[in-house]
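On the provided structure of chain A, position chain B as indicated by the hints.
Number of protein chains: 2
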Amino acid sequence: MGVVLNLEDGKREPSIRKLIDLTAAGLGEVNKLILSKAGSDVEMIPEIANHLISSGGKRLRPMVTLASAEMFGYSGDGHVKLATSVEFMHTATLLHDDVVDESDMRRGRKTARTIWGNQASVLVGDFLLGQAFRMMVEVGSLDALDILSTAASIIAEGEVMQLAAAKNLETTEDEYFSVIKAKTAALFSAAAEVGPVIAGASRNDRAALRSYGMNLGLAFQLIDDALDYGGDTKKLGKNVGDDFREGKVTLPVILCYRRGSSEERAFWKQAIEDNIADDAALEKAMALMARHGAITDTIGRARHFGEIARDALAPLPATTYKSALIDVIDFCISRVV
Amino acid sequence: MGVVLNLEDGKREPSIRKLIDLTAAGLGEVNKLILSKAGSDVEMIPEIANHLISSGGKRLRPMVTLASAEMFGYSGDGHVKLATSVEFMHTATLLHDDVVDESDMRRGRKTARTIWGNQASVLVGDFLLGQAFRMMVEVGSLDALDILSTAASIIAEGEVMQLAAAKNLETTEDEYFSVIKAKTAALFSAAAEVGPVIAGASRNDRAALRSYGMNLGLAFQLIDDALDYGGDTKKLGKNVGDDFREGKVTLPVILCYRRGSSEERAFWKQAIEDNIADDAALEKAMALMARHGAITDTIGRARHFGEIARDALAPLPATTYKSALIDVIDFCISRVV
Chain A
1 MGVVLNLEDG KREPSIRKLI DLTAAGLGEV NKLILSKAGS DVEMIPEIAN HLISSGGKRL
61 RPMVTLASAE MFGYSGDGHV KLATSVEFMH TATLLHDDVV DESDMRRGRK TARTIWGNQA
121 SVLVGDFLLG QAFRMMVEVG SLDALDILST AASIIAEGEV MQLAAAKNLE TTEDEYFSVI
181 KAKTAALFSA AAEVGPVIAG ASRNDRAALR SYGMNLGLAF QLIDDALDYG GDTKKLGKNV
241 GDDFREGKVT LPVILCYRRG SSEERAFWKQ AIEDNIADDA ALEKAMALMA RHGAITDTIG
301 RARHFGEIAR DALAPLPATT YKSALIDVID FCISRVV
Chain B
1 MGVVLNLEDG KREPSIRKLI DLTAAGLGEV NKLILSKAGS DVEMIPEIAN HLISSGGKRL
61 RPMVTLASAE MFGYSGDGHV KLATSVEFMH TATLLHDDVV DESDMRRGRK TARTIWGNQA
121 SVLVGDFLLG QAFRMMVEVG SLDALDILST AASIIAEGEV MQLAAAKNLE TTEDEYFSVI
181 KAKTAALFSA AAEVGPVIAG ASRNDRAALR SYGMNLGLAF QLIDDALDYG GDTKKLGKNV
241 GDDFREGKVT LPVILCYRRG SSEERAFWKQ AIEDNIADDA ALEKAMALMA RHGAITDTIG
301 RARHFGEIAR DALAPLPATT YKSALIDVID FCISRVV
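Taken in order, these protein sequences are the chains called A and B.
Numbering of the first sequence is given in my numbering, commencing with residue 1 and proceeding in unit increments.
Numbering of the second sequence is given in my numbering, commencing with residue 1 and proceeding in unit increments.
None of these hints come from the bench; they were simulated from the model.
Only a predicted model underlies this, so the values are computations on that prediction, with no experimental measurement involved.
When chains are identical, the list treats them as one kind, so a pair holds in a single copy or across two.
Straight line, CA to CA, 25 Å or less: simulated DMTMM-like cross-link-like pairs of lysine to aspartate or glutamate: (1) Lys-181 <-> Glu-138; (2) Lys-181 <-> Glu-47; (3) Lys-269 <-> Glu-173; (4) Lys-167 <-> Glu-43; (5) Lys-248 <-> Glu-283; (6) Lys-248 <-> Asp-41; (7) Lys-181 <-> Asp-41; (8) Lys-37 <-> Asp-146; (9) Lys-181 <-> Glu-170; (10) Lys-37 <-> Asp-143; (11) Lys-181 <-> Asp-224; (12) Lys-181 <-> Asp-143; (13) Lys-167 <-> Asp-41; (14) Lys-58 <-> Glu-70; (15) Lys-248 <-> Glu-47; (16) Lys-167 <-> Glu-47; (17) Lys-248 <-> Asp-279.
Just chain A, same shape as in the assembly (with noise of 0.2 Å):
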């Protein structure tokens, strides 16, 4: 099952290439940067650290930070730092979250603990956040470190509220947006805004790269929780239903509950409280999502924030940086095939 979205300019396939280009001299030297901290005479690190970091994510947070350093223009290499950082802040939450989630797949390959176990996942989360603060120190903005010790702590807190919240069918939308601000968005809106931060751009300047990380984040999370009911899971890199069988209540999840009859409810308790998640149970709350549909809500929800994202940068001079940012509001929106 998948969902057609009608882009704006439906002509072109939205894409980051324009990001990748302008970011891929600072991305080379992000990319060594990466190998030289999650490098340690204790072998398991690097191992564990290789495993996640070649393991196909985009690298769009550091190539965010890049651009929206450059965009003011940064010349230093401090934006190389802080991009690595907030790299190695993602890498240390997803060896976390797998641990926390119980997961064994991630981008269509087996997560780290289920190679090495949770327990080397979680110290080696432990090394890589470490090494993300020592380089952030490094660069010497106060501000920039600010902005990224803050993000660490509401990403942690989100995650502990998103646990209290497992399988807890009666959350309402606005407590999932409390989580997924914190837990996704929170680090994107960090990401965005060091940028700024370190070129030295204007109090206005900061709060529109800020605004427009939050909102793109918020965008990213919900795609991805769409994704998890319909996507292609080549693309997704994690299975179809791998949210419904860890019994995750996303957004889509939240408007099928509410929308649907007592019966509807009581498949869902089954599902989500007790776990009965097999492949006929997701088959019926997929169709149920279309029947109510949870899926084109979620994505039109993400849309909103998407446009969010957009406005926020509304004021800034048209730049290629300025219309690539803009293009990965749309390839976020557009990952939904």
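Same frame as chain A, but now just chain B:
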């Protein structure tokens, strides 16, 4: 079974009374800050944080930070924030350690993971680490940030090292020291060094406190490892034999294994590698340690590092702070009674 130490100044019971009195005002502020920074609308966070924080740790590390700043005339509130950061880093490590070690008891109480689960322990640890970094950033000293973020990486690296060497009886004494230097001594060292750093003390003063902390930390961990084979449960807050039952290769085991006959080595292999570590095995292990002087010599190593810690402070003028910090060395070593 107990080991009686002949303290150099055998007349008095070594105590941290002087340190407690000197840092009382600062420690009151630390305790307030702990409560406020471990606060969150996400209920599980303060619950878990309070469980750990109220469970009777001595607050040795934050007291060292407070004293090491005040002894150089520091009069702001930055040392309170750094001391709280140090305690949070320590608490985060305990939370993750208990998950990694699958421990059920810590300081005589159930561990957080047995009450709230591994997942919450991992995430609340991450939250406390994030909060620690935020507080450090507030203080605004890049040198202090460098010292503490480097310690965070090294601690995690040490934990991975320990995991990789787990149950390996061929671990050398040198490898053991690399592990405890990273996982325990690095934080003591950082806790002591950031004091002179924010007080604007000299390079030599920084080096003195760093060395004091490092060697104090080594002595502390050695005694901790000795206590596991002969301390008083109530004093220790963990049960004698915990390390043995978990198959940890600590110095008492390393010495005993290396000095033992081939029959004895077969016993150790069964106990540590095959996990045949019941009460009878523990009794035998303790008898072998007595035979080979493994505990006595572990304590001897601790005294060696205690001497180095004392000499590190020797060039400093004789003040109450200095003598309070020296008392800490004796206190740590005299825990074996």
